[in-house]
Amino acid sequence: MRTLKEKTLSKRKIAFRSWQLVASIVLLSSVAMPVHAGAQVWSCLLFASNAGKGFELPPRLNGYDARLRQGLGYSSYRVIAQRETAVEDQHNNLLVAAGDIHVVLTNLSRAADGKYLVGLLFLQGTQQVMETQARVGQGSPLFIRGPDWRDGQIIIVVMVAS
Amino acid sequence: MKTFEEKFTAWLDGTLSGEELRSFEQEHPSIEREQAQFLKLKKLLRDNLGGRELPNPDFFNSQIMSQIDREKAKSGGRSSSRTLFGLPRLAWGGLFALGVGFALFFTMIPRGNLADPRSGYVAEVLKTKTSEKVKATVDNQKDMTIIKLEGLDKLPPDSDLKR
Chain B
1 MRTLKEKTLS KRKIAFRSWQ LVASIVLLSS VAMPVHAGAQ VWSCLLFASN
51 AGKGFELPPR LNGYDARLRQ GLGYSSYRVI AQRETAVEDQ HNNLLVAAGD
101 IHVVLTNLSR AADGKYLVGL LFLQGTQQVM ETQARVGQGS PLFIRGPDWR
151 DGQIIIVVMV AS
Chain S
1 MKTFEEKFTA WLDGTLSGEE LRSFEQEHPS IEREQAQFLK LKKLLRDNLG
51 GRELPNPDFF NSQIMSQIDR EKAKSGGRSS SRTLFGLPRL AWGGLFALGV
101 GFALFFTMIP RGNLADPRSG YVAEVLKTKT SEKVKATVDN QKDMTIIKLE
151 GLDKLPPDSD LKR
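Chain order of the listed sequences is B and S. The first sequence begins at 1 in the working numbering and counts up one residue at a time. The second sequence begins at 1 in the working numbering and counts up one residue at a time.
Each computed DSS-like pair below joins lysine-lysine, with the alpha-carbon atoms no more than 25 angstroms apart:
1) S:Lys127 <-> B:Lys115
2) S:Lys154 <-> S:Lys133
3) S:Lys127 <-> S:Lys148
4) B:Lys11 <-> S:Lys74
5) S:Lys42 <-> S:Lys7
6) S:Lys135 <-> S:Lys148
7) S:Lys142 <-> S:Lys127
8) S:Lys43 <-> S:Lys7
9) S:Lys42 <-> S:Lys2
10) S:Lys135 <-> S:Lys154
11) S:Lys129 <-> B:Lys115
12) S:Lys72 <-> B:Lys13
13) S:Lys154 <-> B:Lys53
14) B:Lys115 <-> S:Lys142
15) S:Lys129 <-> S:Lys154
16) S:Lys129 <-> S:Lys148
17) S:Lys148 <-> S:Lys133
18) B:Lys53 <-> S:Lys142
19) B:Lys115 <-> S:Lys148
20) S:Lys74 <-> B:Lys13
21) S:Lys40 <-> S:Lys7
22) S:Lys142 <-> S:Lys129
23) S:Lys72 <-> B:Lys11
24) B:Lys53 <-> S:Lys148
For each label pair, taking beta carbons as the anchor points, the in silico distance ranges come out as:
25) B:Ala86 <-> S:Arg89: 36 to 46 angstroms
26) B:Ser10 <-> S:Leu104: 27 to 37 angstroms
27) S:Leu104 <-> B:Asp151: 46 to 56 angstroms
Don't read these hints as lab results, they were simulated from the structure. Fair warning: this is a prediction, and the values are worked out from it, not measured in the lab. Idealized CB from N, CA, C, for every residue including glycine.
This is chain B alone, in the form it adopts within the complex (with noise of 0.2 angstroms):
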């Protein structure tokens, strides 16, 4: 028969045990959860030129005028195509496309440093052009230069929105 003494050494034990263990799962949830539930991935494709002095940028690159025309030589912009996506599952995930271009999103994931890690594929017709994995900073466009077209050339842009 167990004396007094062992069976409160027991209740303690198990008490200790139970808030290890929600401990445990509350920390273990907060830190296993997948990066990719909820996360917004916006792209667009713009048209650059030194057609005039446009600038009709979407409102995610809002500030960017001077540094596009400083980074890439050109004095216009106008969006050919935009468009947020819901990643829900992080492989292919197609972010924009228009005409043969298309932006994929292969993978995304949490880096340690609560920046993002992600994978693009961007194929023209069905050629597979370039495949890059980036780490990238919440609201930090990522711009790569696409084919020439017309007086211009096409400018990639991706952004980790949310």
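Chain S: place on chain B using the hints.
Structure of chain S alone, referenced to chain B:
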């Protein structure tokens, strides 16, 4: 000099002897009658006022021990409940939860003014892989990372790139 009680006690025990015995018996001629009364009284006391034995001595001991255990259990239970949900444990638990909250806040929630593109811009190209005729270079400018692709096929001017 011995007192009367000492002499009387010695006389009763039969240890008084010699001159002391003769003088004691002469001084107290009725001492033998008193001895008889004394012995009668002694027998009477022994027979009627002797130490009473408890009929169940083990029962008495067990009752006492049970009461002691009950008192111990009461004080022990109270202290264990105080220890389990006591103030120090609650305080440490609260501090731990606060620490976990802060850690999650600083690691999971982005900071900085996201409306201002110049604050906290991070875009780092880790690797690129291109088709055979295409070459990729990364141009890291301030607050702007550009991947340049050389060797791409030019799009036909009449390509229908729908908005």
